[in-house]
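Residue numbers (my numbering), protein chains in the order written: chain A, 1 to 320; chain B, 1001 to 1337; chain C, 2001 to 2258.
If you're looking for bench data, these hints aren't it; they were derived computationally from the structure.
Quick caveat: nothing in here was measured; it's all calculated off a predicted structure.
Treat the hints loosely; a few may be bogus.
Taking lysine to any residue and the SDA-like style, the derived pairs with C-alpha atoms no more than 25 Å apart in a straight line are [as the list claims (entries may be wrong)]:
#, chain 1, residue 1, chain 2, residue 2
1, A, 267, B, 1172
2, A, 267, A, 282
3, A, 280, B, 1316
4, A, 193, A, 149
5, A, 148, A, 120
6, A, 99, A, 109
7, A, 236, B, 1316
8, A, 267, A, 250
9, A, 267, B, 1056
10, A, 285, B, 1056
11, A, 285, B, 1316
12, A, 87, A, 182
13, A, 280, B, 1242
14, A, 280, B, 1042
15, A, 267, A, 109
16, A, 99, B, 1116
17, A, 148, A, 216
18, C, 2188, C, 2204
19, A, 193, A, 284
20, A, 285, B, 1054
Stretches of chain B that chain C covers, calculated by requiring three or more beta carbons in the stretch to come under 8 Å of a beta carbon on chain C [unchecked claim]:
#, region
21, 1066–1080
22, 1204–1218
23, 1228–1236
The beta carbon of each residue, even a glycine, is placed where N, CA and C say it ideally should be.
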Amino acid sequence: MPHALRTLGALTTAVLMLTGCATVAPAPAPSATSTRPLDNCGVEVPVTAPPKRVITIKSTSTEMLLALGLGDRIIGTAFQDGPLPAKWSSTTLPVLADKVPSQEVVLGANPDFVYAGWESNFAADGAGTRSDLAALGIRTYVSPAACKEAAYQPRRLTFGDIDHEIGEVATLFGVDDSALLAQQHSTLASIHKDTHGLSALWFSSGSSIPYVGAGIGAPQLILDTIGVRNIAADVKDTWASYNWESVIAANPDVIVLVDASWSTKEKKIGVLEANPATAKLDAVKNHRYLIVPFAASEAGVRTVDAAADLASQLAALERG
Amino acid sequence: MARTANGIVWTVVLAAAVIASVTFAVTFGPAQISPAEVWGSILHHLGIGSTSLSPLRDSIVWDLRLPRVLTAGAVGAGLSISGVVMQAITRNPLADPYLLGLSSGASLGAVAVLLLGSALLLPFAAFLGAVIALVATLLLASAFGRITPGRTILAGIAVSALAGAVTSLIIFWTVTGDSYREILSWLLGSLAGARWPAVGIAFVAIIVAGVPIMLSGRVLDAFAFGDTSAATLGINVNATRWTLLTATALLTGAMVSVSGAIGFVGLILPHAVRLLVGPRHRLLLPLSALVGASFLIWADTAARSLFDPRELPVGIVTAIIGAPVFAALLARRRVSS
Amino acid sequence: MSGLDARQITVRLDGTLIIDGIDCSAPAGAVTALIGPNGAGKSTLLHALATVLPTSGGVIRFENDDLLTMKRRSRARTIALVEQDASTELSLSVAEVVALGRIPHLGPFADESAQDRAIVRSALDTVGMADFAHRDVTGLSGGERQRVLLARSIAQEPRLLLLDEPTNHLDISAQLSTLALLHDLAVKGVTVIAALHDLTLAAGWSDYVIVLSAGHVVAAGATAATLTPRLIDDVYGVHAEIVERPGQRPTIAFSPRG
Chain A
1 MPHALRTLGA LTTAVLMLTG CATVAPAPAP SATSTRPLDN CGVEVPVTAP
51 PKRVITIKST STEMLLALGL GDRIIGTAFQ DGPLPAKWSS TTLPVLADKV
101 PSQEVVLGAN PDFVYAGWES NFAADGAGTR SDLAALGIRT YVSPAACKEA
151 AYQPRRLTFG DIDHEIGEVA TLFGVDDSAL LAQQHSTLAS IHKDTHGLSA
201 LWFSSGSSIP YVGAGIGAPQ LILDTIGVRN IAADVKDTWA SYNWESVIAA
251 NPDVIVLVDA SWSTKEKKIG VLEANPATAK LDAVKNHRYL IVPFAASEAG
301 VRTVDAAADL ASQLAALERG
Chain B
1001 MARTANGIVW TVVLAAAVIA SVTFAVTFGP AQISPAEVWG SILHHLGIGS
1051 TSLSPLRDSI VWDLRLPRVL TAGAVGAGLS ISGVVMQAIT RNPLADPYLL
1101 GLSSGASLGA VAVLLLGSAL LLPFAAFLGA VIALVATLLL ASAFGRITPG
1151 RTILAGIAVS ALAGAVTSLI IFWTVTGDSY REILSWLLGS LAGARWPAVG
1201 IAFVAIIVAG VPIMLSGRVL DAFAFGDTSA ATLGINVNAT RWTLLTATAL
1251 LTGAMVSVSG AIGFVGLILP HAVRLLVGPR HRLLLPLSAL VGASFLIWAD
1301 TAARSLFDPR ELPVGIVTAI IGAPVFAALL ARRRVSS
Chain C
2001 MSGLDARQIT VRLDGTLIID GIDCSAPAGA VTALIGPNGA GKSTLLHALA
2051 TVLPTSGGVI RFENDDLLTM KRRSRARTIA LVEQDASTEL SLSVAEVVAL
2101 GRIPHLGPFA DESAQDRAIV RSALDTVGMA DFAHRDVTGL SGGERQRVLL
2151 ARSIAQEPRL LLLDEPTNHL DISAQLSTLA LLHDLAVKGV TVIAALHDLT
2201 LAAGWSDYVI VLSAGHVVAA GATAATLTPR LIDDVYGVHA EIVERPGQRP
2251 TIAFSPRG
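For reference, chain A alone in the conformation it holds in the complex:
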């Protein structure tokens, strides 16, 4: 037995040396089972030394690292969707770019890891293709909920998928994720699912053609969690272009307004009230709105918090 362990150790070291890592691998985190590379949206991401210089693109990536206590590894953020949640409001992170950074900007910051919220961030005219960056020794990772290829896109997003991402990131960074997972699970358990059989429209953006949360993504997950039926649940997409006629025919009990800097909740209310047909909806006449910040509307560590917040907003609406 000890002989086998020594051989295994030698082999591991040899593999690590061959992949160019000079440092010895730290003790693997409890949730990691092996040092096999991760299959991330069809791209192999080797599990080697934990990254030290990370660029995050989109809020979900930044928040994932902060939630795992890895904020000190972030050397730059880009394309953030909104301000950080209150618990991290004192954290200031260096801003690399307002939108998708160019490859030159990325390389200029000398990262060893780029963590993106959308697969499209890794384009030649964006941060650089994943293979280009890998060739330069920079590992890349995309939030699995956002994989575009059908084989990798979650059939229907679950909290299990988010847990899985937490696990993968913890593996890559060599940290313990049990505390975060416990926190996520307890928040989830604390949510009181509404039992009134209400329906909702998840109004993401648009005015003449509404862009709504559809059947298989984070909006659907959140609505399921708080016990509200998504009127667009039959559309097999994460988000989709919809139409007002269907909204009116469904007459949703509440309307979830995604509040983004470029499409504020006030603007959305204006759109709903200016349209002579939607103005007649009960939800619009009685201001039955639930607000969710844009940064919390995509799958990530904030999803469960967003669901909890919407559940309490709903309860308040029903009380008042």
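Chain A is fixed; fit chains B and C onto it per the hints.
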């Protein structure tokens, strides 16, 4: 003359087709409302009979579907007439209503306003953009000597390119999240935002600009053999050209302001109608208007029904139909010339 | 006075002086040939007389009317111009093209009457194109199109008919029948002015000539008296002999100088 008698028949048939199109298109839509309920609701609003629909479903018919179908008809008619005139004035069968920078200017105005977040100002900004682009085109065309159709087209191309570049720059620089969707929908052309005010704008434009254009059929025919020929037939070439151009620009500008730059209607439909009734403008103009109206009503019905409950901008449908037809047109020209 | 009387016609195109202060006249009821070497300004003068080219100053009087100040429609009912190479891309029928000639009479809104249609048919008959009435004009040969445009101008019922090289694309029999037609129109009282480059045709078929060279009138008058070998030598630099045979129209035999 055989063609005249034919013309009367076609006018009656196509006018009936427009009425039928409106009548049936309003019964299509994602909300399950029976045709009888739809017409009942419309008649009720016109003061005849009562409606069995709930206020919300009634609102779907009267506030969403009917204005949208009517706007589609008016815009289709307006763009077709504009296309006929542009092809006649420039003596180029590949001309379309957007040739003089009109759609690029309108797009620039619209995108600027969309990004500032004010959907209400959209028609005005788009119209203003179209007019400014037209003025720029004409100034550019006259800057190097006499204005000729050839110079005007080239100036229009230059202004369109510039407006397009600025529009792209604005989009690229400022677009966040999925705000590009709204812009894209406008740029492709969409009737999803057509309510009763849009119907008003479109119909006023047809009456103020479209009707005078339709009455100028014989005058346009006089241009068949060129300016000199038209002059010897007693036409005031310059005044006619300017008047028609202005009326067309106003008409197109108004249409684009309510529906975005819907493509291919102004380019293809004049040719389709010519195949039916020949090139004489006295017949071509009103018939193009009728065919354009029916065409766009059904294209928009397809756009909002084919992928129910998802909705496409109608410009995609007209492009899908128009592009192969356009290619066929080009092939015919190459064969014949 | 009847016929055309033009004084001090000056035309500049893009800054270049083409015609310089020309005086010319053409009597009614006669065919006047406008001749001269290439670049003499024949076409320009015709277009100026048709008032489609602007003249700097000058007066054009026709049968007591001042053409330059007439209303457009009246003028279009008075003058018709047959251009040299006019063509169209529109697939109009021959009859529809000839019907365009009725526009000055109809105005923008009136419908064609039976009389208008009769005039169109008659015009087509006159040029021998009655069988072509429903053919597509874009499919015609140059000569056929020329005759259609001539029919169109006849349908205008003009009193002054201006033609720019009307025999250019025509075969010999069509040339002769066109010239015979012009003669018939003249007999009916129309003032006919035709730019011709073929001196033989001018010699045989015109009653009067106006000879242009480098933007000036070098001679004008009755053809027999004006179109002399001496003139031809001066203007064209070739040796000519007017051949007259009894019972036939005069013709010219040419030989190069020296």
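Check whether the Cα positions of residue 148 of chain A and residue 216 of chain A lie no farther apart than 25 Å.
With Cα atoms ~13 Å apart, residue 148 of chain A and residue 216 of chain A stay inside 25 Å; holds.
Below or equal to 25 Å on CA atoms is what counts here, so check residue 280 of chain A against residue 1042 of chain B.
18 Å, holds
Residue 267 of chain A and residue 1056 of chain B: Cα distance at most 25 Å?
22 Å, holds
At least three residues with a C-beta closer than 8 Å to a C-beta of chain C: is that true for the region 1204–1218 of chain B?
holds (count 3)
Within a Cα-Cα threshold of 25 Å, do residue 267 of chain A and residue 250 of chain A meet the stated pairing?
Within the cut-off at roughly 22 Å; holds.
For residue 193 of chain A and residue 149 of chain A, compute the direct alpha-carbon distance and say whether it is at most 25 Å.
The given pair, whose Cα atoms are some 32 Å apart, is violated under the 25 Å limit.
Within the region 1066–1080 of chain B, is the number of residues with a Cβ closer than 8 Å to a Cβ of chain C three or more?
This one is violated; 0 residues, fewer than the three required, reach chain C with a Cβ under 8 Å.
Taken at face value, is the distance from the CA of residue 1316 of chain B to the CA of residue 280 of chain A at most 25 Å?
Answer violated: residue 280 of chain A to residue 1316 of chain B is near 31 Å, above 25 Å.
When you check the alpha-carbon spacing of residue 267 of chain A and residue 1172 of chain B, does it fall within 25 Å?
With Cα atoms ~22 Å apart, residue 267 of chain A and residue 1172 of chain B stay inside 25 Å; holds.
Quickly compare the C-alpha distance for residue 236 of chain A and residue 1316 of chain B to 25 Å and report which way the hint goes.
22 Å, holds
Holds or violated: are the alpha carbons of residue 280 of chain A and residue 1242 of chain B at most 25 Å from each other?
47 Å, violated
Is the hinted pair residue 267 of chain A and residue 109 of chain A satisfied, with a Cα-Cα distance of at most 25 Å?
Between residue 267 of chain A and residue 109 of chain A the Cα gap is close to 37 Å, so the pair fails against 25 Å, i.e. violated.
The structure fails hints 3, 4, 11, 13, 15, 21 (numbered hints given earlier, in ascending order).
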